[in-house]
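Position one of the sequence shown corresponds to residue 1 (the working numbering), numbered consecutively onward.
Derived by calculation from the structure, the hints in this document are not laboratory data.
Do not rely on the hints blindly, as some may be mistaken.
Here are the computed distance ranges between Cβ atoms for each label pair [claimed, not checked]:
no. : residue 1 : residue 2 : range
1   : D235      : N396      : 37 to 45 Å
2   : F42       : A71       : 36 to 44 Å
3   : A101      : R124      : 54 to 62 Å
4   : A191      : A164      : 15 to 23 Å
5   : A102      : D213      : 34 to 42 Å
A virtual CB, placed ideally from N, CA and C, is assigned to each residue, including glycine.
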Amino acid sequence: MAIVAAVTAGLVSIALLVVVALWYAGFPELARDDAITTQTIFDLLKIAFALVAGVGGVVGLVVAYRRQRVAEHSNQLAEFSHRLAHSADERAEAKKVLENAAEERAKLEVARSDVRLFNDRFGRASDQLGSEKAAVRLAGLYAMAGLADNWKEGRQTCVDVMCAYLRMPYMPPPTRDSGKNEEGGEGRRAAEEEREVRQTALRLIADHLRLPDNSPNSWQGIDLDFTGATIDGADFNNAVFGGGRVSFSYAKFVGGLTEFFRANFGGARVSFSNAHFRSGQIRFAEAKFSRGSVNFDAIRLDGALLNFAGASLREGASLPFWHSTLSGGELRLASVTLNHGSSIACSDATLNGAEVSFKNAHFNGGTFSLRGAKVNAGSIRFEEAQLSSHSVDLENIQLNGGIVSFEGALYTPSRYRRMWAGEPPVGLILPPEPGAEDAND
Numbered sequence: 001m002a003i004v005a006a007v008t009a010g011l012v013s014i015a016l017l018v019v020v021a022l023w024y025a026g027f028p029e030l031a032r033d034d035a036i037t038t039q040t041i042f043d044l045l046k047i048a049f050a051l052v053a054g055v056g057g058v059v060g061l062v063v064a065y066r067r068q069r070v071a072e073h074s075n076q077l078a079e080f081s082h083r084l085a086h087s088a089d090e091r092a093e094a095k096k097v098l099e100n101a102a103e104e105r106a107k108l109e110v111a112r113s114d115v116r117l118f119n120d121r122f123g124r125a126s127d128q129l130g131s132e133k134a135a136v137r138l139a140g141l142y143a144m145a146g147l148a149d150n151w152k153e154g155r156q157t158c159v160d161v162m163c164a165y166l167r168m169p170y171m172p173p174p175t176r177d178s179g180k181n182e183e184g185g186e187g188r189r190a191a192e193e194e195r196e197v198r199q200t201a202l203r204l205i206a207d208h209l210r211l212p213d214n215s216p217n218s219w220q221g222i223d224l225d226f227t228g229a230t231i232d233g234a235d236f237n238n239a240v241f242g243g244g245r246v247s248f249s250y251a252k253f254v255g256g257l258t259e260f261f262r263a264n265f266g267g268a269r270v271s272f273s274n275a276h277f278r279s280g281q282i283r284f285a286e287a288k289f290s291r292g293s294v295n296f297d298a299i300r301l302d303g304a305l306l307n308f309a310g311a312s313l314r315e316g317a318s319l320p321f322w323h324s325t326l327s328g329g330e331l332r333l334a335s336v337t338l339n340h341g342s343s344i345a346c347s348d349a350t351l352n353g354a355e356v357s358f359k360n361a362h363f364n365g366g367t368f369s370l371r372g373a374k375v376n377a378g379s380i381r382f383e384e385a386q387l388s389s390h391s392v393d394l395e396n397i398q399l400n401g402g403i404v405s406f407e408g409a410l411y412t413p414s415r416y417r418r419m420w421a422g423e424p425p426v427g428l429i430l431p432p433e434p435g436a437e438d439a440n441d
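Generate coordinates for the entire structure from the input sequences, incorporating the hints supplied.
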């Protein structure tokens, strides 16, 4: 339709031009020849071709113009479509940002709500722990432990409160044979109830230390502060101390059975320094010590049994008893295994009557040091212990009435004899040199 219109417009334009030209010439009359000559036909053809060429030119110009307009329009449409697509992308991105913001706001509101809820639960549990009634205090302990399981960010705080409760002053109830059974019935019942509350706190903590490390409710790696606590029994059997700090420093073990049977000490920084072991048994039998130190420096052993029978030390583990005072009771190290790089040290310790036993111990590259120790009373015995050439360090030991005996040891290096000129000091019992018995016969 556009081309037809263009042709029509061209013809009309030519016709108008012809009319204008004739008008301008005064519409002259054309001479008529009676005969049509070849020149006349040729002139007419030239005029016709000129008209056709003019019309074709006009049509070409119109077509070119239309093409340009169509191309420009197509470009405009393409650019508009691109803008629409870009706007759609921007709207989608803006919608996504708004959705994310709404989601974050929702999470924040939930978190705030959770924090308010956790704070309320924490406050109620703390109030319960301060109650005068033992049953209410028990409920507070369970509530605090449950909150620690649900509130990972506040778990350490909840456990700190439970440990702080155990650090409170405590007088254990008298035993049945203490002669105080008939005195203070109400006081005895209150003490027994308090003991049950404290035993529950210790049990809840130990139960969480037995859970696998990947359990969401495991408390492995949590700091445990029992500094100065009075402990008259606890069950940490099979507990795992795999991280964090655990302090029993200055704790008082006053009776009962405190169990660390088959516990695993591997990575945590554990300290019993300056602890006082008065009575009862503290049992580390078959416990595993690795990668670090469980510190017993400056402890006092007055009447308790500190039992490490069957324990194993490996990967550079150490049990230092430096500057400790062993006045009574027993330090039982029977059947312990000290692997390469591990050590037990009583350096600069004072033995005033306690018994230390390494019966059937295995020194597989590990060492025991008595360097600078004072053995005033009591004994240290290595009966049936399997020793190597540098298993025991006796340098600067002072034997003032106590006994250090290697009698019955499966191998005692002769280097101990070379540490003294002549006979060993009184109190140091070494088996005869190989072949000495045959010579005496």
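Here is what the structure says about each hint:
no., hint, result
1, D235 <-> N396: 37 to 45 Å, "holds (40 Å)"
2, F42 <-> A71: 36 to 44 Å, "holds (42 Å)"
3, A101 <-> R124: 54 to 62 Å, "violated (35 Å)"
4, A191 <-> A164: 15 to 23 Å, "holds (20 Å)"
5, A102 <-> D213: 34 to 42 Å, "holds (37 Å)"
Checked against the numbered hints given earlier, the structure breaks only hint 3 and satisfies all the rest.
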